[in-house]
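Asker: Here is how the chains run, residue by residue.
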Amino acid sequence: MAVTVRIIRALGLAMLLTVTAFAVPVGAVELGDAKAGEQLFRVCKSCHRVGEGAENAVGPHLNRIFGRVAGSVEGFRYSEGLVRAGADGLVWDADNLDIYLENPKNLVSKTRMNFAGMPDPADRSHVLAYLRAFSDKPSNIPEAAPTATATDHDLDPAILAIVGDPDYGEYLSGECLTCHQKSGANEGIPSITGWPKADFVVAMHAYKKELRPHPVMRMIAGRLSDEEIAGLAAYFEGLD
Amino acid sequence: MSLSRRSILKGAAAGAVLTAAPMVMGANHGKPKVVVVGGGAGGATVARYLAKDSKGALDVTLVEPTRTYYTCFFSNLYLGGFRTLDSIAHSYGKLASEYGINVVHDWAVGVDRDKKTVALAGGGSVPYDRLVLSPGIDFVEGSVPGWDISAQNKMPHAYKAGSQTELLKAQVDSMREGGVFVMVAPPNPYRCPPGPYERVSMVAHVLKAKNPKAKILIFDPKDKFSKQGLFQEGWEARYPGMVDWLDASFTGPLQEARPDSMEVVVGGEVTKADVVNVIPAQKAGRIAELAGVTDEKGWAPVVPATMQSRMDENIHVLGDATNQGDMPKSGFAANSQAKVAANAIRGALTGSKVFPAKFSNTCWSLIDTDNGVKVGAAYEATPEKIAKTSGFISQTGEDAALRKQTFEESLGWYSGITTDMFG
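Those protein sequences? They're chains S and Y, same order as listed. Residue numbers for the first sequence follow my numbering, beginning at 1 and rising by one. Residue numbers for the second sequence follow my numbering, beginning at 1 and rising by one.
None of these hints come from the bench; they were simulated from the model. Watch out, some of these pointers could steer you wrong.
Unchecked claim - With a straight-line cut-off of 27 Å between C-alpha atoms, the simulated DSS-like cross-links for lysine-lysine are:
1) K115(Y) to K182(S)
2) K110(S) to K115(Y)
3) K182(S) to K94(Y)
4) K52(Y) to K197(S)
Source: prediction; values computed, not measured.
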């Protein structure tokens, strides 16, 4: 059954490629509307960066995602599931990226990618078109100009510049570790270990300002000072 | 005649026996000694944090009679068939092997506050510089007339997880068709405020599948209960016509439980039941009373910033046993208090920096498959009590996806807190 679904999906994408191929210059292939994909990619930006100079954040950077072996970006700590998938030969292409975007856990069990999924095939094709603009594989897709930077927040740079005390962060982490696991295990409650400091600080301040919805995190972040958040960020960034 | 290796060892062993009477455990090697009594959410956590954070500077002994600890939290999910009993069972092995905690499986039967020793049922005595009592709850004798622990196999309480939980599940699973399940709910304060009502939900879940004509009656001395709106909405939607919550203002008071005839007498009316779950009134675990740190209501008053007993600065009390203010008696709360106490104790005994106390709590409850709800709050230490500063609760009418996410979150929390307790 699962195989059948995958074949149908692959056929669907192949048809899409065939149809859209007529509309673009010879030698290039588009999956959807990259402009629309850029808009849709906003939901991905809280975790992923793409574009010139893009670095790993909560998730790995997505430059040259097409043709990349799963779990292979240097310096990013993947879930065991994704590493295993790469070792098993998973290479990101339009087909399996489409399935992954629809629901990450459908393709890679125990992935840490906590994303509910993008149910609309058209939306996924737009996002893939956008991402493909940042891939040099296949080689007929040129690198696009840089567009993505981590500017999806309005946090005071002075807050981001606070150097946190990891020892104080370790003490404060006791409150986090009733729910989050130090090992980075990710079952029902997301992992917070190994986050880049800036992402951690931005996320906690988003809870503090009640921009992010989760009530427990609003409560916890709501009474932490800027220095305490910086301390926690420093501590959790340093965990393997 | 030359001494053989075996005879030397035998002689050494005999000498050890002689010099060990009376036995004093936990040779201190000059280190400050902390003894923790009770290996639940408060005790296991404080022992682990003391050992972990002091990096060997403290001699930590944990006294806990059971070798396998079954968490009360999630025991209702076992009743509902959502968890196995094995999945809520935990050993103390890592606390001993990875953290160097001296785990003593024995009952603490007395505390000599002048000599600063804890007496054990096995005859030993453990010295301490600081003592942490985290004994959980005991039942108030006579609070349910006609019922005592000699009747608990007929009318289980199942409010300390393990064999009682297995028994109650077996009774629910084998109820006669169309039978009656009665819960005698406890008065305030008691362990896990939403616990009885999550239990009702889990029993209803089982009965809906196996025995849909069965009824559940809750005789409750309280006129309201935790997450009431959420539970009642859930019962009406998921188990229509099965659950009746009857508070004392409607029925009159509970007068008697009759385990031999499986009856309860409430407001002069006799109700015959097939399963009766009696959850009596509660007080601090017995050792707190024996240590002389409980008040007239049976709970142990504490200094909020350190969790020290108000009656003895060398004793800290955690979790359900405490009279501390606004925090509920929950595993999460005990775990939270344990970290504050560990920080204070380490500071007092080793001179390490003491950080400000922060407390928090969240309680998840499962109503039906993939239908979880939660309530929680943050607290601060004031001179008078642990005071609530903010809180939240799930809303009635939430969509199925959010309820599913809440349940999945509770699974993550279970993994998190048990790792935090046992390593």
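Asker: If a hint holds in the structure, say so; if it doesn't, say that too.
Answerer: Checked hints:
With a C-alpha separation of about 39 Å, the suggested pairing of K115(Y) with K182(S) is violated against the 27 Å cut-off. Between K110(S) and K115(Y) the alpha-carbon distance is near 53 Å, which puts this suggested pair outside the 27 Å criterion. At roughly 16 Å between alpha-carbon atoms, K182(S) and K94(Y) fall within 27 Å of each other, so this suggested pair holds. Pair hint K52(Y) plus K197(S) holds up; C-alpha atoms about 25 Å apart against a cutoff of 27 Å.
Taken one by one, the earlier hints fail for this structure at numbers 1 and 2, listed in ascending order.
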